[in-house]
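Build the full structure now, drawing on both the sequences and the hints.
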Amino acid sequence: MTDWLSLLSRHHAVAQADSGYEPIFGGSATIDRLDDVQDKIGIPLPAELKDLYRSVDGYGLKMDEDCLLSPWFIVPTSELPEFVHAQRSGIAGTHKSLSERFLPFIDLVNGDSIGYLYDVDGKLADGLHMFMHELYRYKADQEPDDFFRSFECSIAEFLEP
Numbered sequence: 019m020t021d022w023l024s025l026l027s028r029h030h031a032v033a034q035a036d037s038g039y040e041p042i043f044g045g046s047a048t049i050d051r052l053d054d055v056q057d058k059i060g061i062p063l064p065a066e067l068k069d070l071y072r073s074v075d076g077y078g079l080k081m082d083e084d085c086l087l088s089p090w091f092i093v094p095t096s097e098l099p100e101f102v103h104a105q106r107s108g109i110a111g112t113h114k115s116l117s118e119r120f121l122p123f124i125d126l127v128n129g130d131s132i133g134y135l136y137d138v139d140g141k142l143a144d145g146l147h148m149f150m151h152e153l154y155r156y157k158a159d160q161e162p163d164d165f166f167r168s169f170e171c172s173i174a175e176f177l178e179p
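Residue numbers 19 to 179, in my numbering, belong to the letters of the sequence shown in order.
Everything labelled a hint here was simulated from the structure, so no lab data went into it.
Using N, Cα and C, we set each Cβ at its ideal position, and we do this for glycine too.
Hints may be right or wrong, so weigh each one.
Stated by the list, open to error - What follows is a list of derived Cβ distance ranges for each label pair:
hint, residue 1, residue 2, range
1, H103, G45, 19 to 25 Å
2, V138, D84, 40 to 46 Å
3, D69, E100, 21 to 27 Å
4, S107, S27, 32 to 38 Å
5, G145, K114, 19 to 25 Å
6, T48, R155, 36 to 42 Å
7, Q160, E100, 22 to 28 Å
8, L142, K80, 31 to 37 Å
9, D82, E161, 36 to 42 Å
10, D164, D21, 35 to 41 Å
11, L142, E83, 36 to 42 Å
12, D57, V138, 17 to 23 Å
Unchecked claim - With a Cα cut of at most 30 Å, we get these calculated DSSO-like pairs of lysine-lysine:
hint, residue 1, residue 2
13, K58, K114
14, K58, K68
15, K141, K157
16, K80, K58
17, K114, K68
Here you go:
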């Protein structure tokens, strides 16, 4: 079992060393909360993501109250359905099936996100997948590989400094 708080603290110390922002960590999410989120987003939360949320329900940066950016890097479950919907809606017009199978949970703030992807048969694809909005062209014939990048790693491996 991963010690998520320790891993996220190490990640923060490296990734945000020069930012001046302190980390914020959400408490643990309940099983009922995770079940509710799954129902709202329409696909299951993978085991590793559930484990993360059962330990730390969101990770981000303490920012000024008047900041217009989301402080969350790992979106907490309270905001996850809305975040997933927003990310999916960007590609739903041309790649509806793909959008329904994408489960983003990392907010890169610039419009890009990282998460899981399920194949058309409902099987979880290996690794993590990044949607890069600036490469998306709103064309139905655009190949998903043009605007998605895959990382052959787990969340823990991705976050390890």
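Going down the list of hints, with the structure as the test:
1. H103 with G45: 19 to 25 Å: holds (24 Å)
2. V138 with D84: 40 to 46 Å: holds (44 Å)
3. D69 with E100: 21 to 27 Å: This hint holds: roughly 23 Å between Cβ atoms.
4. S107 with S27: 32 to 38 Å: Taking Cβ atoms as reference, S107 and S27 lie about 33 Å apart, which means the hint holds.
5. G145 with K114: 19 to 25 Å: Given about 23 Å between the Cβ atoms, the range holds.
6. T48 with R155: 36 to 42 Å: Holds, since T48 and R155 (Cβ atoms, about 41 Å apart) stay within the stated range.
7. Q160 with E100: 22 to 28 Å: About 26 Å separates the Cβ atoms of Q160 and E100, which means 22 to 28 Å holds.
8. L142 with K80: 31 to 37 Å: holds (33 Å)
9. D82 with E161: 36 to 42 Å: Cβ of D82 to Cβ of E161: about 41 Å, so the range 36 to 42 Å holds.
10. D164 with D21: 35 to 41 Å: At roughly 37 Å between Cβ atoms, D21 and D164 fall inside 35 to 41 Å, so the hint holds.
11. L142 with E83: 36 to 42 Å: holds (38 Å)
12. D57 with V138: 17 to 23 Å: This hint holds: roughly 21 Å between Cβ atoms.
13. K58 with K114: holds (17 Å)
14. K58 with K68: Distance of about 15 Å is within 30 Å: holds.
15. K141 with K157: Holds, because 26 Å separates the two Cα atoms, which is no more than 30 Å.
16. K80 with K58: holds (28 Å)
17. K114 with K68: Since the Cα atoms of K114 and K68 sit roughly 25 Å apart, the hinted pair holds (cutoff 30 Å).
In this structure, every one of the numbered hints holds.
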